[in-house]
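Undergrad: Given next are the chains, with one letter for each unit.
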Amino acid sequence: MTFNVDFMAWRKIALIVSSVLVLVSISSLVFKELNYGLDFTGGSLVELSYPEPADLNSIRSTLKAAGYDGAQVANFGSNQEVLIKLPGSLSDTLGAEIVAVLKNDLSGSDIDLRRIEYVGPQIGDELRDDGGLAMILALAFMMLYIAFRFQSMFAGAAVAALVHDVIVVLGIFSLFGLDFDLTVLAALLAVIGYSLNDTIVVSDRIRENLRSEIESSTTELINISLNQTLGRTIITSLTTLLVLFSLYLMGGELIKNFALALIFGVVVGTYSSIYIASNALIMMGLSKDHLKVEDTENPDPYDLP
Amino acid sequence: MKRYGIWKYVLIISVLCVGIIYALPNLYAPDPAVQVSYNSSSQSPDANLVNRIETILADGNSETRIEASDDYVLIRTTSSDDQLKVKSALSNNLGGDVIVALNLAPTTPQWLSNLGAEPMKLGLDLRGGVHFLMEVDTAAAIKNRQNGTLQDIKRRLREEKIRYSGAFVEDDLSISVKFQNEKVFNEAKDFLDDNYSQFLGSPDSKEPLMISLVLAELEIDQIKSDAIDQNLTTLRNRVNELGVSEPIVQRQGKTRIVVQLPGIQDTAEAKKILGKTATLEFHLEAQLDTPRTRKTNYPFKGQTGPGAELQDAVILGGDQVATAQASFDENGLPQVNITLDGQGGGRMHRATRGSIGKRLGVLFVEQKTRTKYEIDDSGQKVPVLETYEIKEIISLATIRAALGTTFRITGLDSPSESSELALLLRAGALAAPMRFVEERTVGPSLGADNIDAGILSMQLGMAMVLLFILVYYRVFGIAASLALSFNIILLIAVMSILSATLTLPGIAGIVLTVGMAVDANVLIFSRIREELAKGRKPLDAIDAGYDRAFLTIWDANFTTLIVAIVLYSLGTGAIKGFSITLSIGIITSMFTAIMGTRAFINIIYGNKKDLSRLSI
Numbered sequence: 000m001t002f003n004v005d006f007m008a009w010r011k012i013a014l015i016v017s018s019v020l021v022l023v024s025i026s027s028l029v030f031k032e033l034n035y036g037l038d039f040t041g042g043s044l045v046e047l048s049y050p051e052p053a054d055l056n057s058i059r060s061t062l063k064a065a066g067y068d069g070a071q072v073a074n075f076g077s078n079q080e081v082l083i084k085l086p087g088s089l090s091d092t093l094g095a096e097i098v099a100v101l102k103n104d105l106s107g108s109d110i111d112l113r114r115i116e117y118v119g120p121q122i123g124d125e126l127r128d129d130g131g132l133a134m135i136l137a138l139a140f141m142m143l144y145i146a147f148r149f150q151s152m153f154a155g156a157a158v159a160a161l162v163h164d165v166i167v168v169l170g171i172f173s174l175f176g177l178d179f180d181l182t183v184l185a186a187l188l189a190v191i192g193y194s195l196n197d198t199i200v201v202s203d204r205i206r207e208n209l210r211s212e213i214e215s216s217t218t219e220l221i222n223i224s225l226n227q228t229l230g231r232t233i234i235t236s237l238t239t240l241l242v243l244f245s246l247y248l249m250g251g252e253l254i255k256n257f258a259l260a261l262i263f264g265v266v267v268g269t270y271s272s273i274y275i276a277s278n279a280l281i282m283m284g285l286s287k288d289h290l291k292v293e294d295t296e297n298p299d300p301y302d303l304p
Numbered sequence: 000m001k002r003y004g005i006w007k008y009v010l011i012i013s014v015l016c017v018g019i020i021y022a023l024p025n026l027y028a029p030d031p032a033v034q035v036s037y038n039s040s041s042q043s044p045d046a047n048l049v050n051r052i053e054t055i056l057a058d059g060n061s062e063t064r065i066e067a068s069d070d071y072v073l074i075r076t077t078s079s080d081d082q083l084k085v086k087s088a089l090s091n092n093l094g095g096d097v098i099v100a101l102n103l104a105p106t107t108p109q110w111l112s113n114l115g116a117e118p119m120k121l122g123l124d125l126r127g128g129v130h131f132l133m134e135v136d137t138a139a140a141i142k143n144r145q146n147g148t149l150q151d152i153k154r155r156l157r158e159e160k161i162r163y164s165g166a167f168v169e170d171d172l173s174i175s176v177k178f179q180n181e182k183v184f185n186e187a188k189d190f191l192d193d194n195y196s197q198f199l200g201s202p203d204s205k206e207p208l209m210i211s212l213v214l215a216e217l218e219i220d221q222i223k224s225d226a227i228d229q230n231l232t233t234l235r236n237r238v239n240e241l242g243v244s245e246p247i248v249q250r251q252g253k254t255r256i257v258v259q260l261p262g263i264q265d266t267a268e269a270k271k272i273l274g275k276t277a278t279l280e281f282h283l284e285a286q287l288d289t290p291r292t293r294k295t296n297y298p299f300k301g302q303t304g305p306g307a308e309l310q311d312a313v314i315l316g317g318d319q320v321a322t323a324q325a326s327f328d329e330n331g332l333p334q335v336n337i338t339l340d341g342q343g344g345g346r347m348h349r350a351t352r353g354s355i356g357k358r359l360g361v362l363f364v365e366q367k368t369r370t371k372y373e374i375d376d377s378g379q380k381v382p383v384l385e386t387y388e389i390k391e392i393i394s395l396a397t398i399r400a401a402l403g404t405t406f407r408i409t410g411l412d413s414p415s416e417s418s419e420l421a422l423l424l425r426a427g428a429l430a431a432p433m434r435f436v437e438e439r440t441v442g443p444s445l446g447a448d449n450i451d452a453g454i455l456s457m458q459l460g461m462a463m464v465l466l467f468i469l470v471y472y473r474v475f476g477i478a479a480s481l482a483l484s485f486n487i488i489l490l491i492a493v494m495s496i497l498s499a500t501l502t503l504p505g506i507a508g509i510v511l512t513v514g515m516a517v518d519a520n521v522l523i524f525s526r527i528r529e530e531l532a533k534g535r536k537p538l539d540a541i542d543a544g545y546d547r548a549f550l551t552i553w554d555a556n557f558t559t560l561i562v563a564i565v566l567y568s569l570g571t572g573a574i575k576g577f578s579i580t581l582s583i584g585i586i587t588s589m590f591t592a593i594m595g596t597r598a599f600i601n602i603i604y605g606n607k608k609d610l611s612r613l614s615i
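Just so you know, the sequences run in chain order A and B. Number 142 in numbering that gives the first Met the number 0 belongs to position 143 of the first sequence; there are no gaps in the numbering. Number 326 in numbering that gives the first Met the number 0 belongs to position 327 of the second sequence; there are no gaps in the numbering.
Misleading hints may appear alongside valid ones.
[To be verified] Footprint (simulated), chain B over chain A, 3 or more residues, beta carbon under 8 Å: (1) 119-129; (2) 178-189; (3) 209-221; (4) 246-256.
[Unchecked claim] Here's a subset of chain A near chain B, in silico, CB distances under 7 Å, partners left out: (5) Glu-116; (6) Arg-148; (7) Asn-196; (8) Ile-234; (9) Thr-235; (10) Leu-241.
Source of the hints: derived by calculation from the structure; they are not laboratory data. Just so you know, these numbers come straight off a predicted model, no measurement behind them. C-beta: ideal position from N, C-alpha, C; glycine also.
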């Protein structure tokens with residue numbers, strides 16, 4: 000595949016699109032917040048499997064009659080699976096109590112207990128802190144490595160792209176009220192890894208071309224680099240998306256949001272390595288001078304940092 | 000084209016062979032099994048035990064196979080229904096001297112086991128079970144310790160005839176001792192400085208004539224750490240009493256303990272035994288002349304009616320009970336043998352030598368939590384977690400002689416009473432109370448579904464990716480497909496060798512690796528195509544493609560590895576499982592995608608010097 004797309008002609012529009020995306024995401028995160036899952040809010044959760052399609056209303060009324068007022072009852076995956084959530088509950092025995100109540104109920108003798116979870120309130124806060132810390136640390140370490148291997152402008156560009164990706168994926172989760180649990184946090188960190196992968200591949204080519212003999216403007220050279228790597232970018236994104244869709248469709252309910260976060264992440268990450276990272280490089284004023292090869296004895300550009 | 004040294008082929012083939020051998024055990028599905036072992040860990044299973052098991056199972060119609068090892072007798076069954084039947088038959092009929100537990104017995108063939116090849120462990124989300132996270136109340140441990148030290152200081156000051164006017168543990172957990180005048184104060188200060196050097200003893204500025212004993216930071220850390228270690232040991236004993244195969248009891252972070260009990264289905268029972276957040280206190284019985292402010296009435300455990308009065312001074316706590324064992328005395332009557340640690344023995348001796356003929360009470364202190372509703376400022380009902388204690392007497396026995404490190408409690412009514420008391424004494428040996436901060440129970444049906452879903456998504460993902468690269472890269476696609484399959488085998492082999500635990504997020508990590516591992520080959524092949532387009536000869540193009548793509552692959556993978564390592568070090572549970580497979584996958588994929596495909600390509604094209612085009 001050879002491409003000749005004038006990516007950089009669209010860079011102003013891309014900048015506007017990205018700014019809008021980031022702004023919408025941030026406002027959604029501020030005003031609507033994330034729909035934190037049990038891992039972060041603390042509380043209890045019970046998943047049950049009924050032999051026949053479950054009657055949610057009768058479950059609700061049974062629970063209400065037994066005094067569990069705040070219980071949220073919903074189907075999970077199929078109409079035989081029921082998920083009961085009690086956010087903010089502070090008792091570690093609540094889940095077992097609910098199972099007992101429902102099993103005692105006339106229609107509930109054949110219920111299969113799928114899982115019970117209880118997460119104490121302090122755990123959630125810690126997870127959020129640790130998750131944030133993990134993200135900042137990951138970004139910091141990578142910035143250092145890229146600055147060491149490439150040049151500090153590339154580090155800045157890569158981080159700009161990653162921050163963009165994380166904010167937009169978080170924004171999507173917030174905007175659509177998708178459950179944000181521990182697996183989604185892991186997915187988000189994997190998005191950082193994936194998007195970085197992409198950005199590095201592109202940056203690598205930009206560096207190579209800037210050091211080459213071709214006499215053109217930085218913008219032109221970046222455009223050439225993007226076209227040269229476009230085939231690879233598309234194919235890798237495609238294979239990754241293939242497995243992600245198979246995870247999303249077959250991996251079961253617990254993995255769905257994980258796969259979804261990564262699907263968004265791969266799409267946004269691919270876009271960001273084309274537009275955010277490259278745009279940032281241009282805006283920071285990267286030029287051939289920044290990558291001058293000082294060691295003239297060793298002209299092979301591939302062996303140089 | 001560069002020649003590919005013979006040693007590289009040898010290396011690749013050896014790695015592949017080792018990978019296949021160590022990944023192989025994962026193909027053999029484990030048998031649902033029941034394991035039986037003796038209560039005391041020193042006793043190995045004998046022919047007698049096997050006979051008893053055979054007799055019990057003889058009239059059942061479950062198909063079983065019995066194997067004895069050094070640690071336990073294993074009864075393999077063919078279905079999980081049979082497994083449960085066998086378990087209940089055995090636990091109902093075998094008696095109290097054995098522990099009956101569910102197990103998943105690997106069916107690894109002997110020749111593989113001989114090579115040390117074992118299957119990966121499955122996480123709780125894949126095999127069902129309970130996961131608990133408990134918070135240890137380390138402040139309580141320090142308070143306990145300080146109370147003990149306070150008693151000690153009081154006693155020794157009395158022995159030294161140094162009169163103090165008051166001594167107590169402050170809210171900030173320091174010990175304050177007050178004196179009447181300067182002379183005694185100075186005497187005491189010298190004495191305390193000499194004998195209690197672990198404290199940063201300093202005359203308190205708030206009050207003259209008061210000595211404040213503040214624990215050094217290091218000492219506090221030590222007490223906390225000891226408390227957690229002690230609780231870990233106790234929990235391990237309790238878990239053993241539950242009878243679980245392959246339980247995990249581990250410290251997590253500074254003040255937490257994680258307990259994982261695979262295969263447990265009766266979670267209420269598990270919680271009851273683990274959640275007995277109990278400690279013990281040994282007290283002397285109050286006498287008629289004991290002032291009312293220094294004694295308290297406690298009920299007897301499991302009984303209503305009047306209790307007994309015990310002195311408030313604690314002789315020692317449950318953390319100083321080393322063991323407690325039910326047995327029989329010379330006359331065949333039930334008794335409990337107790338062994339204390341050295342310090343506990345000393346304290347017990349000092350406390351009891353002057354009290355022969357009086358009675359020694361053992362208090363069982365249970366820490367429980369309940370939710371209370373309070374009205375907050377905005378008038379809303381908010382739940383508040385409240386901890387409270389229940390203190391009950393489990394034993395009140397007459398002291399016949401001064402007690403030391405080992406002593407026994409006799410006069411018990413039945414063997415069941417003695418074993419119950421021994422259990423309580425052992426179980427009570429918690430240095431600090433704990434409470435549950437996280438609990439996850441996965442039913443066995445969900446576990447099985449998760450495995451199926453995981454495997455199915457892996458197969459589907461793999462099939463789609465393989466198909467795509469075969470169509471897109473043709474001969475080079477074959478190389479990449481082989482490398483990808485090789486990569487999965489290696490990944491599973493490495494996980495098995497490291498005895499890493501496979502979880503659902505772990506499977507997701509493997510699936511993601513499948514998608515991303517192709518990237519290295521895509522990079523190389525794109526380069527080769529580019530070089531061909533530039534007009535290079537095919538074999539030169541291959542060389543150039545591999546060379547030029549290498550650094551890019553290295554940089555891209557290395558940075559992803561950084562992310563995975565950060566994830567691993569900061570994450571818990573789900574995140575850890577994911578990051579392990581991701582990091583291993585990154586490393587193995589570098590090997591297979593670069594070296595593996597190169598070797599294959601060289602075999603196909605290496606000898607065709609006049610090659611005019613590549614199938615790429």
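Undergrad: Against which earlier hints does the structure fall short, listed by number upward?
TA: Number 3 - this is the single hint that the structure violates.
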